[in-house]
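Here is how the chains run, residue by residue.
2 protein chains.
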Amino acid sequence: MYSTMQDVPLLVSRILRHGSTIHGKSVVTTWTGDGPPDRRTYAEIGERSARLAHALRDALGVRPEDRVGTLMWNNGEHLEAYLAIPSMGAVLHTLNLRLPPKQLAWVINHAEDRVILVNGTLLPLLAPLLPALTTVEHVVVVGPGDTSALEGCRPEVHEYEALLVDRPGTYAWPELDERTPAALCYTSGTTGDPKGVAYSHRSIYLHCLQVNTAEAMGLTDADTCLPVVPMFHVNAWGLPHAAFMTGINLLMPDRFLQPAPLAEMIETERPTYAAAVPTIWQGLLLELAEKPRDISCLKSVTIGGSACPPSLMKDFEEKHDVRVVHAWGMTETSPLGTVAHPPAGLDPEAAWPYRITQGRFPCSVEARLVGPDGTEQPWDGTSAGELEVRGNWIAGAYYGGPGAEAVRPEDKFAPDGWLRTGDVGTITPDGYLSLTDRAKDVIKSGGEWISSVELENRLMAHPDVLEAAVVAVPDERWGERPLATVVLREGSTTGFAELREFLAGQVAKWQLPERWSVITEVPKTSVGKFDKKVLRARYAEGGLQVTDVTAPTAD
Amino acid sequence: MYSTMQDVPLLVSRILRHGSTIHGKSVVTTWTGDGPPDRRTYAEIGERSARLAHALRDALGVRPEDRVGTLMWNNGEHLEAYLAIPSMGAVLHTLNLRLPPKQLAWVINHAEDRVILVNGTLLPLLAPLLPALTTVEHVVVVGPGDTSALEGCRPEVHEYEALLVDRPGTYAWPELDERTPAALCYTSGTTGDPKGVAYSHRSIYLHCLQVNTAEAMGLTDADTCLPVVPMFHVNAWGLPHAAFMTGINLLMPDRFLQPAPLAEMIETERPTYAAAVPTIWQGLLLELAEKPRDISCLKSVTIGGSACPPSLMKDFEEKHDVRVVHAWGMTETSPLGTVAHPPAGLDPEAAWPYRITQGRFPCSVEARLVGPDGTEQPWDGTSAGELEVRGNWIAGAYYGGPGAEAVRPEDKFAPDGWLRTGDVGTITPDGYLSLTDRAKDVIKSGGEWISSVELENRLMAHPDVLEAAVVAVPDERWGERPLATVVLREGSTTGFAELREFLAGQVAKWQLPERWSVITEVPKTSVGKFDKKVLRARYAEGGLQVTDVTAPTAD
Chain U
1 MYSTMQDVPL LVSRILRHGS TIHGKSVVTT WTGDGPPDRR TYAEIGERSA RLAHALRDAL
61 GVRPEDRVGT LMWNNGEHLE AYLAIPSMGA VLHTLNLRLP PKQLAWVINH AEDRVILVNG
121 TLLPLLAPLL PALTTVEHVV VVGPGDTSAL EGCRPEVHEY EALLVDRPGT YAWPELDERT
181 PAALCYTSGT TGDPKGVAYS HRSIYLHCLQ VNTAEAMGLT DADTCLPVVP MFHVNAWGLP
241 HAAFMTGINL LMPDRFLQPA PLAEMIETER PTYAAAVPTI WQGLLLELAE KPRDISCLKS
301 VTIGGSACPP SLMKDFEEKH DVRVVHAWGM TETSPLGTVA HPPAGLDPEA AWPYRITQGR
361 FPCSVEARLV GPDGTEQPWD GTSAGELEVR GNWIAGAYYG GPGAEAVRPE DKFAPDGWLR
421 TGDVGTITPD GYLSLTDRAK DVIKSGGEWI SSVELENRLM AHPDVLEAAV VAVPDERWGE
481 RPLATVVLRE GSTTGFAELR EFLAGQVAKW QLPERWSVIT EVPKTSVGKF DKKVLRARYA
541 EGGLQVTDVT APTAD
Chain F
1 MYSTMQDVPL LVSRILRHGS TIHGKSVVTT WTGDGPPDRR TYAEIGERSA RLAHALRDAL
61 GVRPEDRVGT LMWNNGEHLE AYLAIPSMGA VLHTLNLRLP PKQLAWVINH AEDRVILVNG
121 TLLPLLAPLL PALTTVEHVV VVGPGDTSAL EGCRPEVHEY EALLVDRPGT YAWPELDERT
181 PAALCYTSGT TGDPKGVAYS HRSIYLHCLQ VNTAEAMGLT DADTCLPVVP MFHVNAWGLP
241 HAAFMTGINL LMPDRFLQPA PLAEMIETER PTYAAAVPTI WQGLLLELAE KPRDISCLKS
301 VTIGGSACPP SLMKDFEEKH DVRVVHAWGM TETSPLGTVA HPPAGLDPEA AWPYRITQGR
361 FPCSVEARLV GPDGTEQPWD GTSAGELEVR GNWIAGAYYG GPGAEAVRPE DKFAPDGWLR
421 TGDVGTITPD GYLSLTDRAK DVIKSGGEWI SSVELENRLM AHPDVLEAAV VAVPDERWGE
481 RPLATVVLRE GSTTGFAELR EFLAGQVAKW QLPERWSVIT EVPKTSVGKF DKKVLRARYA
541 EGGLQVTDVT APTAD
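As you go down the protein sequences, you meet chains U and F in turn. FYI, the numbering for the first sequence is 1 to 555, going by the UniProt record's numbering. FYI, the numbering for the second sequence is 1 to 555, going by the UniProt record's numbering.
Treat the hints with care, as some may be off.
It does not matter which identical chain is meant; a pair holds if it fits inside one copy or across any two.
No farther apart than 30 Å at their CA atoms in a straight line, the calculated lysine-lysine pairs in the BS3-like style are these [what the hints assert, rightly or not]: (1) K291 with K412; (2) K25 with K314; (3) K299 with K509; (4) K25 with K102; (5) K509 with K533; (6) K314 with K412; (7) K299 with K25; (8) K444 with K299; (9) K533 with K314; (10) K444 with K412; (11) K532 with K319; (12) K440 with K524.
Because the hints were derived from the structure by calculation, they are not lab data. Keep in mind the model is a prediction, meaning the values are calculated, not measured.
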């Protein structure tokens, strides 16, 4: 017995061909600040993608599977690179312009990028790195910018439009194997070197189909999508490719990510949908409170990237009538992992607890929770475990570099290939995920887990506590125990025994910290998150004055 | 360079697992006529599917790739078979109960079905065939029915519920190759033997994702879907599997497909979406005109299977405020080929011409028109050609039978593997397909095509013409020329010259028929379509009185 179906590979070139023909009239609009927006139809994008592919192959010698880096904002040219580079069989390497310069250079060298497309406005970032780049042969400058810093640099410098002119507007896109790598994105891991995730044509295509289902984003060519989330950050959550698959119009913010220009482009260009991390929405809310603008065009927005404060979601809905949908994902998950649409038929009040979860998994993402003892935890809404996922657009390894094997660190991948997300949480019987901690921040005490985030949130609810960070410290009997570090309000006389008593009514007795320390400020990372590894190191070096309030008991 | 993504096969068992856990509370309701409807949650369906798989494997000896036939209506048990049989690695063979008995037996023998699941109410259809069935070892009777006709028959007879009882409620679904055959469906071709299309797990999974996109059906678990289209007809347009993928509730009509029970179940169970062929909707409209019922629950319905009269679409929308969406497909296309959502932003009047087309192709269905000279035709909305399609859920061959190679008749498949649909039409620049003729009914005259359907429709617009059928007849100079056969109103004195003059203002001169014949009635097939092969045969045998009105000229 055999199937009689055609065997057609899932390729980015099919998305390109479809979007530029059937949806040829759809438009990508790039915001330019003071000037008139730049508009291109999908038909034009298709033609220019073909020109770009010819330029890369014929003028710059790009061969199949060569990496082409992009150091670019969200704009029409970046969309052309998104479509042309994978379609011609090369690999689109999106460069995170927020990485520290040293990491950025490391990433370019590790991927062995041969060409870098760079927005002219980002040359001040790239130029100083050039002497450290070992493989880059060509730099293509996209849009205006001061190129004087490139004078005398080793890579050959080209101008994007000059490179495209006079090239054919069609290209014989090769019929690749669908497992060919299409795009490369490095995580901005806080520990160690960045790690590369190499998406395949297959994973991108399937992810696009999922993004376009009604249970996920459900956009059509009647929509205009504003991806504020950068195209160098997990492919702008898959939206550019998904847009080309169904003709959703795109509004690209380029480098204008500040609240004021965002408010202005929304009022002027009237997108129906937008996607960004919480801080962007927080800033927009404040801007609108100060200078009201009409954002009634927005039907819904997706918030992801980090947990969204419920107050922010409520503000958006109550003040601006914009539906806010919470979602979760990571570089390793392409990123669509969960989307928090509530179950059907609930009134707004009853739906709320579901909407502030990370959401539900689609069919193509399988999930399991692995508890402190290494066993799978039930989906009962209370049993916590580290989230592990499996699926068609989930990484099963990291890119080891040219000539090297894929890397599968055991803290990142289970022996059977599932991705260890490093996130700890619970899942309800109907599949709603709630994340509470990063696995590395959970305190493993006597075979049980204690959530540091829960203790912190409860401590910070005390009127005299300004900030609180709870970290795991070694304990002879229990393996690990929580150390509570608190920043007290000036003049507060609240003692540790009182804080411990305050917690006692709210969490199990065995979870109560016995080690306490007052600090002047919680150390933070560059993006403002609690930097717990600094606290742990300070404790280990004896740099904290610790009071032992009481020893834990076995009951 | 390599991709680092997990390699997870696209399998029906993943849909089964997902639907029965994350959407475990969704419900399939089967209408039972007078009795209370039968309701099962997706969690129960999942458990019963596991029991069914155990029964098939352990009690009936079903092995991987064995064919299990289903002669069943749309109901909960059929859904269990849809999920269990492919998931265990066997092949679901849906049997078209409308086939002539001889063809039905031929199909069962050709597929070598080892087991047949049959609704008790369909035993009168199956029992007389049993002596002719060469491979069937087991008959499993589902639901009540008179089993006396099975007494003494060769295959072993089982009762479905008795077979399932006491079996485990979980099953270790095998990790199959995604190109493994999952389901088999034979076309009810009007010429020659039926032809088998073997869908793969991959094709079904991808088709489900597409059905659930907002640009196609866009259903979610907030919807209840009524598939009136039978599960023995191209997998009920993919809706059962698609429903399990996103938790859409199902309302199954079982054998109650008459207008009155359909109206009653819609009013009682309140589906939000339904899918059926035009005749079903026509009947429902008449029923509602006679006995009004509340069908306001329906948000949209899909009409496909054959071209839908615009008047029917308008009636539905104006009288019942139900959005009617036209779609096109065939057994060989799984069937989603096109969906006729109009371009965004048009007012209802401007949208109408798009909505009565067959619709637009999704990304995964590539299309081309091949003209009379074998060359590809432009998408200009006027150049006609035979529609050829390519894609992940499009057949590339027919099932040749056990041990036999796949069959690729050249009138059905192009040398490069594209499916020749046998439909002739045009495509607009933005991808809207309009089908006008079956390829076999087009008249190939001097390297040009003449649409028989267009000539018929124009002739039937003449007040004295009751019916008109135009067929191709051999012509020495032009290859083929049109023969117009007309049924005239009683007492009419209209002559052929006058009819020809009537046409002359409406079609090109070279398309005007010169051969004319009056007949008493156009011969029709069992489903009421014009049976043109009878007319062609009658002409060939000299059985028609033909008048030559004028010879065609070259201008």
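How the hints compare with the structure:
1. K291 with K412: Neither: 46 Å inside a chain and 64 Å across chains, both beyond 30 Å.
2. K25 with K314: between (36 Å within a copy, 28 Å between copies)
3. K299 with K509: neither (46 Å within a copy, 54 Å between copies)
4. K25 with K102: neither (42 Å within a copy, 52 Å between copies)
5. K509 with K533: Within one copy, since 26 Å is at most 30 Å while 86 Å is not.
6. K314 with K412: neither (35 Å within a copy, 57 Å between copies)
7. K299 with K25: both (22 Å within a copy, 28 Å between copies)
8. K444 with K299: neither (43 Å within a copy, 52 Å between copies)
9. K533 with K314: Answer is neither: 33 Å inside a copy and 67 Å across each miss the 30 Å cutoff.
10. K444 with K412: Only inside one copy: K444 and K412 sit 18 Å apart there, 65 Å across copies, limit 30 Å.
11. K532 with K319: Classified as neither; 36 Å inside a copy, 65 Å across copies.
12. K440 with K524: For K440 and K524, only the intra-copy Cα distance (16 Å) is at most 30 Å; the inter-copy one is 74 Å.
When each numbered hint is compared with the structure, violations occur for hints 1, 3, 4, 6, 8, 9, 11.
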